[in-house]
Amino acid sequence: MDAIATYALRLGDDSLILGQRLSEWCGHAPVIEVDLSLANVALDQIGQATHFLNLAGELEGKGRDGDALAFRRDVMDFTNCLLVEQPNGDFAQTIARQLLFSHYQELLFTALTGSKNATIAAIAAKAVKETSYHATLASDWVIRLGDGTNESKSRMIAGLDWMWRFADELFVMDDIDAAAMTAGVGVDKAALRAAWDARIDAVLAEATLSRPAPRRATTGGRNGRHSEHLGHLLSDMQFLQRAYPGATW
Amino acid sequence: MAQAPSWTAGVSPASGGSADSVLPARTPAVQDVRAILANVPDPEIPAVSVIDLGIVREISADRVVITPTYTGCPATLAIEQSIRAALDANGFANVAIETTLSPPWSTDWISDKGREDLRAYGIAPPPKGAAAASLKNQTAAECPRCGSSNTEELSRFGSTPCKALWRCKACAEPFDRFKCH
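Quick note, the sequences are listed as chains A and B, same order. My numbering puts the first residue of the first sequence at 1, with every later residue one more than the last. My numbering puts the first residue of the second sequence at 1001, with every later residue one more than the last.
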């Protein structure tokens, strides 16, 4: 895959893995409204993934479509950031991940509406309206749990503490990102950091929470170096195609 | 500003070709196709047609262009299949269906009839206009049963991606609200 196809693949992998993770909550959330909310966010992510992965397959030109990329690659071929593959943990940990990712995704998609790749621009313009709902949902819950009981607060702090080390990777610009940006297809992700920091800090302040202590960033997802959690997620998501290769219905 | 769907003028399959191009056996007029689609219901909200929902973006003699409501809406495929079946049943198998993402669908494209159909079905229609969209659904919904504005949002995510769950404090009925999008 060239840089532009890889760029689309990364966007698709982020959405796909987060969508799969969130769908694990289906039928298990604390209350039915939350169950519906998380399922809706998961649906939006999987919808984005379908578009981005189909595009990546088209740009690659080897006859792979979104389904082939989703179900017939193994762990080291996935290019999602480490944040989205992190386990759901309790509800607070899931919401912490959503807070960090959705604000990033909303800023990213807003910027990508100006992409010179018309398909990426169209997907971003459509998805950004949905992503703003995700960011609001996550922010509301962080505030509610953080500024809640001692129990909810301690869980929110623990959830943020778990996810925080994976935030830096969202804004890393490597060779693929630089090439995509030079081509006018990608954007400067590092430049989104200041706006993201301001948004997160505002939510944390309202939630009466502090930023987790800084720690060394954990990265590598973009190059296929994943945590052990992704393999387990894929074994579930890809079960059917592994057991019955090429099955359709 | 609200942008109404624009219907392209009928395109002759022969335009641009030689005068003796072979025409399809059944070449529908744009109005024929439109009339057929006006009877195709949305699979999730059967009270509203795909035309009134604003997801049909273009109709010509040889193609229909549709756009999904939400990126992950599971009804997208079912909608395309319903339209295909309706066209085929009327002998218009030659009319192709295409999907476009841009410009993104907006609830401003739901027709006035569609809004009334939603209300009659028990779903509060979305407020109209860019100003309403910027309010992010903060304004109180009007209860589709008793008409009261004394309502509260229970959950911004409802039974389908396009709806939020509300409750009327006047008549105590819960109801769906079509999200302004």
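It cannot be assumed that every hint is accurate.
[Unchecked claim] Here are the simulated lysine-lysine pairs, DSSO-like style, with alpha carbons at most 30 Å apart:
| id | chain 1 | residue 1 | chain 2 | residue 2 |
| --- | --- | --- | --- | --- |
| 1 | A | K62 | A | K153 |
| 2 | B | K1128 | A | K189 |
| 3 | B | K1169 | A | K189 |
| 4 | B | K1169 | B | K1113 |
[Said to hold, decoys possible] Partial pick of chain A residues on the chain B-facing surface, computed with a CB cut under 7 Å:
| id | residue |
| --- | --- |
| 5 | G27 |
| 6 | H28 |
| 7 | V31 |
| 8 | D44 |
| 9 | G47 |
| 10 | K126 |
| 11 | L192 |
| 12 | A194 |
[To be verified] Ranges of calculated distance between the beta carbons of each label pair, as one might list FRET restraints:
| id | chain 1 | residue 1 | chain 2 | residue 2 | range |
| --- | --- | --- | --- | --- | --- |
| 13 | B | Q1081 | A | D65 | 54 to 60 Å |
| 14 | B | Q1031 | A | G184 | 38 to 44 Å |
| 15 | A | E33 | B | A1085 | 42 to 48 Å |
| 16 | A | I32 | B | S1148 | 21 to 27 Å |
| 17 | B | A1047 | A | G224 | 45 to 51 Å |
| 18 | A | Y244 | B | P1074 | 19 to 25 Å |
| 19 | B | P1074 | A | R242 | 21 to 27 Å |
| 20 | B | A1047 | A | Q241 | 35 to 41 Å |
| 21 | A | E169 | B | P1074 | 26 to 32 Å |
| 22 | A | G184 | B | A1035 | 41 to 47 Å |
Note that these hints are calculated values from the structure, not bench results. Keep in mind that this is a model prediction, so the values were computed, not measured. Beta carbons are placed, not taken as given, at the ideal position from N, Cα and C, and that holds for glycine.
A quick look at each hint next to the structure:
no., hint, result
1, K62(A) <-> K153(A), "violated, 50 Å"
2, K1128(B) <-> K189(A), "violated, 34 Å"
3, K1169(B) <-> K189(A), "violated, 45 Å"
4, K1169(B) <-> K1113(B), "holds, 27 Å"
5, G27, "violated, 15 Å"
6, H28, "violated, 16 Å"
7, V31, "violated, 9 Å"
8, D44, "holds, 4 Å"
9, G47, "holds, 3 Å"
10, K126, "holds, 4 Å"
11, L192, "violated, 21 Å"
12, A194, "violated, 23 Å"
13, Q1081(B) <-> D65(A): 54 to 60 Å, "violated, 19 Å"
14, Q1031(B) <-> G184(A): 38 to 44 Å, "holds, 42 Å"
15, E33(A) <-> A1085(B): 42 to 48 Å, "violated, 35 Å"
16, I32(A) <-> S1148(B): 21 to 27 Å, "holds, 25 Å"
17, A1047(B) <-> G224(A): 45 to 51 Å, "holds, 48 Å"
18, Y244(A) <-> P1074(B): 19 to 25 Å, "holds, 23 Å"
19, P1074(B) <-> R242(A): 21 to 27 Å, "holds, 24 Å"
20, A1047(B) <-> Q241(A): 35 to 41 Å, "holds, 38 Å"
21, E169(A) <-> P1074(B): 26 to 32 Å, "holds, 31 Å"
22, G184(A) <-> A1035(B): 41 to 47 Å, "holds, 44 Å"
Hint compliance for this structure: hints 1, 2, 3, 5, 6, 7, 11, 12, 13, 15 are not met, and every other hint is.
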